[in-house]
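**Student:** With chain A fixed as given, assemble chain E onto it according to the hints.
Going down the list, the sequences are from chains A and E. Every letter in the first sequence is one number past the one before it in the working numbering, and letter 218, counting from 1, is 218. Every letter in the second sequence is one number past the one before it in the working numbering, and letter 254, counting from 1, is 1254.
Each statement offered as a hint is correct.
In silico DSS-like links for lysine-lysine, alpha-carbon gap of 30 Å or less: (1) Lys386/A <-> Lys314/A; (2) Lys505/A <-> Lys1157/E; (3) Lys36/A <-> Lys1083/E; (4) Lys213/A <-> Lys137/A; (5) Lys1083/E <-> Lys172/A; (6) Lys485/A <-> Lys1157/E; (7) Lys1083/E <-> Lys120/A; (8) Lys1157/E <-> Lys25/A; (9) Lys137/A <-> Lys209/A; (10) Lys460/A <-> Lys148/A; (11) Lys1157/E <-> Lys36/A; (12) Lys460/A <-> Lys86/A; (13) Lys382/A <-> Lys344/A; (14) Lys1083/E <-> Lys203/A; (15) Lys463/A <-> Lys312/A; (16) Lys505/A <-> Lys485/A.
If you're looking for bench data, these hints aren't it; they were derived computationally from the structure.
This is what each chain is made of:
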Amino acid sequence: MKQILKGAGIFALAMAAAGTAAANKADDTLNVAFSKELENVDSYFNSAREGVIMQRSIWDGLVYRDPYTGEYKGNLATDWNWVDDKTLEFNLRQGVTFHNGEPFDADDVVATVNWVADEKNGVKTQRNVNWMESAEKIDQFKVRIHLKAPFPAAIEYLAGPVSIYPNEYYAKVGPTGMGLNPVGTGPYKVVSVEPGKHFVLEKYENYHKDSPKGQANIGRLDIRTIPDFNTQAAELFSGGLDWVWQVPPDQAESLAAMGEFTVANESTMRIGYLQFDAAGRSGENNPFTNKLVRQAISHAIDREAIVASMLKGKSRVVNSACFPSQFGCDQDVTVYDYNPEKAKQLLAEAGYPDGLEIDFYAYRDREYAEAMLGYLEAVGIKSNFKLLQYSALRELSMKGEVSMSFQTWGSYSINDASAIVSQYFKLGSLDSAQDEQIKEWLDVADSSVDSDERKEYYSKALKRIAEEAYWLPLFSYNSNYVFTKDLEYAPTTDAIPRFFQMSWK
Amino acid sequence: MLVYTLKRLGLALLVTLAVSMLSFALLYLSGDPAAAIAGETANADDIEAVRIYYGFDRPWVVQYGEWMFNAIRGDFGTSYYFKLPVSQLVADRLSVTMLLGLCGISFALLTAVPLGVAAAVRPNSIIDRIALFLSVMGQAMPSFWFGLVLIVLFSIKLRLLPPSGSDNWQNFVMPTIVLGYYAMPAIMRLTRAGMLDVLGADYVRTARAKGAGEFRVMFKHALRNAIIPVVSLAAVQMGFMLGGSIVVESIFALHGAGYLAWESIGRNDLPTVQALILVFSMFYIVFTFLSDLLNAWLDPRMRVG
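Looking at chain A on its own, in the form it has when it is part of the complex (with noise of 0.2 Å):
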């Protein structure tokens, strides 16, 4: 008998602590899943869409993009104006402060600024920082950023992954300390980070009141990693996790039938897309030199079939080599309708009327590949499919020794057509195309200070994209969220959950 009650009495222990793990509305503490483990908080060191998700909690920046409407506003700064198309000038926003008390000048500015952008100190993602030389203080409230050379997304950027870090605690901690206790001014500060595992943010009290991300309404963030999807959707259930992103499809399907949680989908700026090897660098015979392959695969897949039965939610066919909100992402392009009998045509006229065979590289969404295989197999081009890593593939491309692939771009949120365009057609090692009138007009349009140029620019390196086939743009990805019916959430197109933006029904 003493026995059975101590079995009872473990028994009631374990339902008292599963009760415990269980916190959400009442308790105003919103848990969150991540997938993929996030290395390091410092986002100058994290190349990872959740490190963007912290870093837009944590830190601010100079400027802020209204991911509703677009427009841009001042943040860190009250205001901007170009002294020449090389230098930004700011007046600084006053009585700010850092989590750590660290009162916010141009002394944070300048010492971010400089340190990032410079290359020994090797930031992670180059590309969001390298157009920036210096930046000079004028006075306490008062910087200019110097350009190394005109680049008209500056802004964008400025509003997107630069942030301002404080200068006296960052020379003194550096990336390592950051990453373990980071400090900003956002609406949130941190308070413990197990690498990897576990972070749990609070919202910061002190946050200026004129901020355009508004005030935290949730009084805590407790983000832990779960990989597997089934065991996040386990923790919905039980009632320990309460916002879950990056639904699969069919899940979310399931999970909106059920009716107990909010099921929103929103598109993403990322895009898939075919890459042919058009300049023939994988080998002089390369059936991709000719265009008329290139246009006949264009043919041969029905991306609209690919987009309703396997993306589903908000997804939609590209034709534009980049996405549809991206400024300059002009729509009007060559559009290669799914026509089979034409891609045979077209192989035929190519001098392959018996087929041919190709290699076929990934390195995600197999399933989307294998469908896109079997179009190809339906008009007699058999694949050699190869699924390899992320980093492997990009090895193999950037020697120029693939052919064909199926890869996907995300911009990094960034709402500008040269983050992807000029990204891959300015004669790079990444760039299967090598065509030097693209990078003639690109440089034009990533230069100019002119937006009515740029979109010229844009729309003639894009329209001969597409004509030519060099890719074929395929769709645009989307994201299934999944939370508590007490959450009020709008998801938005940069695929950037914005935790300051959620709040309590």
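**Tutor:** Leaving out everything else, chain E in the frame of chain A:
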């Protein structure tokens, strides 16, 4: 016994050295770490800068020598991604894995050995059939599925145990069962086979003939001999649990060393992978070494070999 121990120890050290060298060479061949570290937006110049910054441009023998020299002094370098010392990172993650491994192997031994003995005492009885059924199930069920079944039952239906995390002992109940159940069938079948073998041996008949009690015959005479191969098997299973619990760690979000290894391989975090391979191989080596010693203690004949 001393000579035997020293000989085994020397062999273990040589194996460790060989494993570290081989894994270093394989990692070196597996892909360009500079491209992985430089990230998505890097161009060829950025990657070259990273290559020089981390010293990947040097011959691998030089890189290995440097790594070995530091590793001997306990310095495994800094993780490219966490920006933390690898030794600190690995120690943090290993504590979870070791706890899980110990619980798992204990669970397996505590269930498998009694079941195996019971099955051997009454071969083809109902107990034997049940034991066989359990072992076939354990072998056939993939652990990711079994784990999810447990989660549905204990976390969602009964609300007794938390589905994920590693904060309380409750978090370890389901992972222990899943991990232990996978190792159980082999141990049980081997115990049963060993016991059947031994129970028919002359010395058991002699023991019975001289009037020893059944309990004494079973545990003093029979099990001590039947258990020898089980000890070796359990050692290998334990090594496997410490290095190979990736699936279980991932399902229950335990963040142990296995999952860390899996993630680090994906992102080419060489210092972390290298340290983990060394630690995992050390586990196998240490456990095999210990099981050899234990067997030599159980069976004096082995000390000669």
